[in-house]
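*Asks:* The residues making up each chain are set out below.
There are 2 protein chains.
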Amino acid sequence: MTEGKGSRGRPGYDLDSLLHTAVKVFHERGYDGTSMEDLAKRLGITKSAIYYHVPSKQELLRLSVDRALDALFAVLDEPSSTDGPAIERLHHVVRRSVEVLVDELPFVTLLLRIRGNSKVERQALARRREFDHLVGELVAEAEHEGSLRLDVDPALTSRLLFGMVNSLIEWYRPRQGLTKSEIAETVTKIAFDGLRRR
Amino acid sequence: MTEGKGSRGRPGYDLDSLLHTAVKVFHERGYDGTSMEDLAKRLGITKSAIYYHVPSKQELLRLSVDRALDALFAVLDEPSSTDGPAIERLHHVVRRSVEVLVDELPFVTLLLRIRGNSKVERQALARRREFDHLVGELVAEAEHEGSLRLDVDPALTSRLLFGMVNSLIEWYRPRQGLTKSEIAETVTKIAFDGLRRR
Numbered sequence: 001m002t003e004g005k006g007s008r009g010r011p012g013y014d015l016d017s018l019l020h021t022a023v024k025v026f027h028e029r030g031y032d033g034t035s036m037e038d039l040a041k042r043l044g045i046t047k048s049a050i051y052y053h054v055p056s057k058q059e060l061l062r063l064s065v066d067r068a069l070d071a072l073f074a075v076l077d078e079p080s081s082t083d084g085p086a087i088e089r090l091h092h093v094v095r096r097s098v099e100v101l102v103d104e105l106p107f108v109t110l111l112l113r114i115r116g117n118s119k120v121e122r123q124a125l126a127r128r129r130e131f132d133h134l135v136g137e138l139v140a141e142a143e144h145e146g147s148l149r150l151d152v153d154p155a156l157t158s159r160l161l162f163g164m165v166n167s168l169i170e171w172y173r174p175r176q177g178l179t180k181s182e183i184a185e186t187v188t189k190i191a192f193d194g195l196r197r198r
Numbered sequence: 001m002t003e004g005k006g007s008r009g010r011p012g013y014d015l016d017s018l019l020h021t022a023v024k025v026f027h028e029r030g031y032d033g034t035s036m037e038d039l040a041k042r043l044g045i046t047k048s049a050i051y052y053h054v055p056s057k058q059e060l061l062r063l064s065v066d067r068a069l070d071a072l073f074a075v076l077d078e079p080s081s082t083d084g085p086a087i088e089r090l091h092h093v094v095r096r097s098v099e100v101l102v103d104e105l106p107f108v109t110l111l112l113r114i115r116g117n118s119k120v121e122r123q124a125l126a127r128r129r130e131f132d133h134l135v136g137e138l139v140a141e142a143e144h145e146g147s148l149r150l151d152v153d154p155a156l157t158s159r160l161l162f163g164m165v166n167s168l169i170e171w172y173r174p175r176q177g178l179t180k181s182e183i184a185e186t187v188t189k190i191a192f193d194g195l196r197r198r
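These protein sequence lines are chains A and B, in that order.
Read in order, the letters of the first sequence correspond to residues 1 to 198 in UniProt numbering.
Read in order, the letters of the second sequence correspond to residues 1 to 198 in UniProt numbering.
Hints in this document: simulated from the structure, not taken from any laboratory.
Owing to the predicted nature of the structure, the values given are computational and were not obtained by experimental measurement.
Heads up, a few of these hints could be off.
[As the list claims (entries may be wrong)] Here are some of the chain A residues that sit facing chain B, going by a computed Cβ distance under 7 angstroms:
1) L156
2) W171
3) T188
4) F192
5) G194
Even glycine gets a Cβ: it sits at the ideal position worked out from N, Cα and C.
One chain only, chain A, in its complex shape (with noise of 0.2 angstroms):
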């Protein structure tokens, strides 16, 4: 068996789970709120054990946004996401982001509530605002491409698109009985086709 890197740490304790605690406690008494005495406590192991890890509560929230945009990004990158038209493309990247945010539910949670107080912050505000972007940019592609209604402007359509799917984060609670791709497929059938039965 390889020896990874967290299996080097305290029993129980890798950086994943690591970080998975760490945004719990961001979430419950606010990033700005939270010590690395009190990420401590609530793991039960010392602070070196999680110097170990990372080197400063910045870094925490470093990896934890950037575990949210990297998995955002990656949809961007899906065969489907990158081939065929761009009706068809922007379909894909709006259904995926659905599925990254009910799998990186915490995460993604945590991004979308940074506001630029710190360089890590503003970092990856600028790295979502890439991503809308390039979002906004599959849509003006898609209305180019003649499958799109033209009456609406793209950058507000991807403003209203996403502010669908990340309203996830407000209302979505895993084990409520909708899954993933139940949510997915509504998203989808609203913003491509609409509520109104034809």
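Using the hints, position chain B against chain A.
*Replies:* Below, chain B alone, put in the same frame as chain A:
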């Protein structure tokens, strides 16, 4: 000239301006991080001039979130929300809710960010749930009347609809070139008829 309540306060500060400034400061410093002293300083008046209007910071919060909630509930009482086919009523409620968000942006933003940390916040959350419930009933009614597609869950649909509407607080800034009716039109076009060109 009739002397209104506001005009008996310090010059330039009626309750309305007081609420606008209070909400602005709450957004900057957080509600918990704002003292009556902070508010007085920002307003350039004494604390007792504030207490002339309201007995407590809590009351400023209650008046602010009630302003947003009252405006949203008023939409449900408009004739176009109560008469006619359910899908047209739902369409009206969505369109008008967007307009309320634009008109009352700072107050709705405050409302949508509270988490239930006090009695005032819990009462506001209960009124929000009541609003969501009434919208959910309207969606279900529209499905029942056969005007809405039947392959989407009504509760999920109303969450996603208002997810799109409520996203305005994240990205809408006054004077960015979009009128509230352009935004409201785009939201209802996407939600009811979808992005796909027909």
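*Asks:* Of the numbered hints stated earlier in the document, which are not met by this structure?
*Replies:* 3
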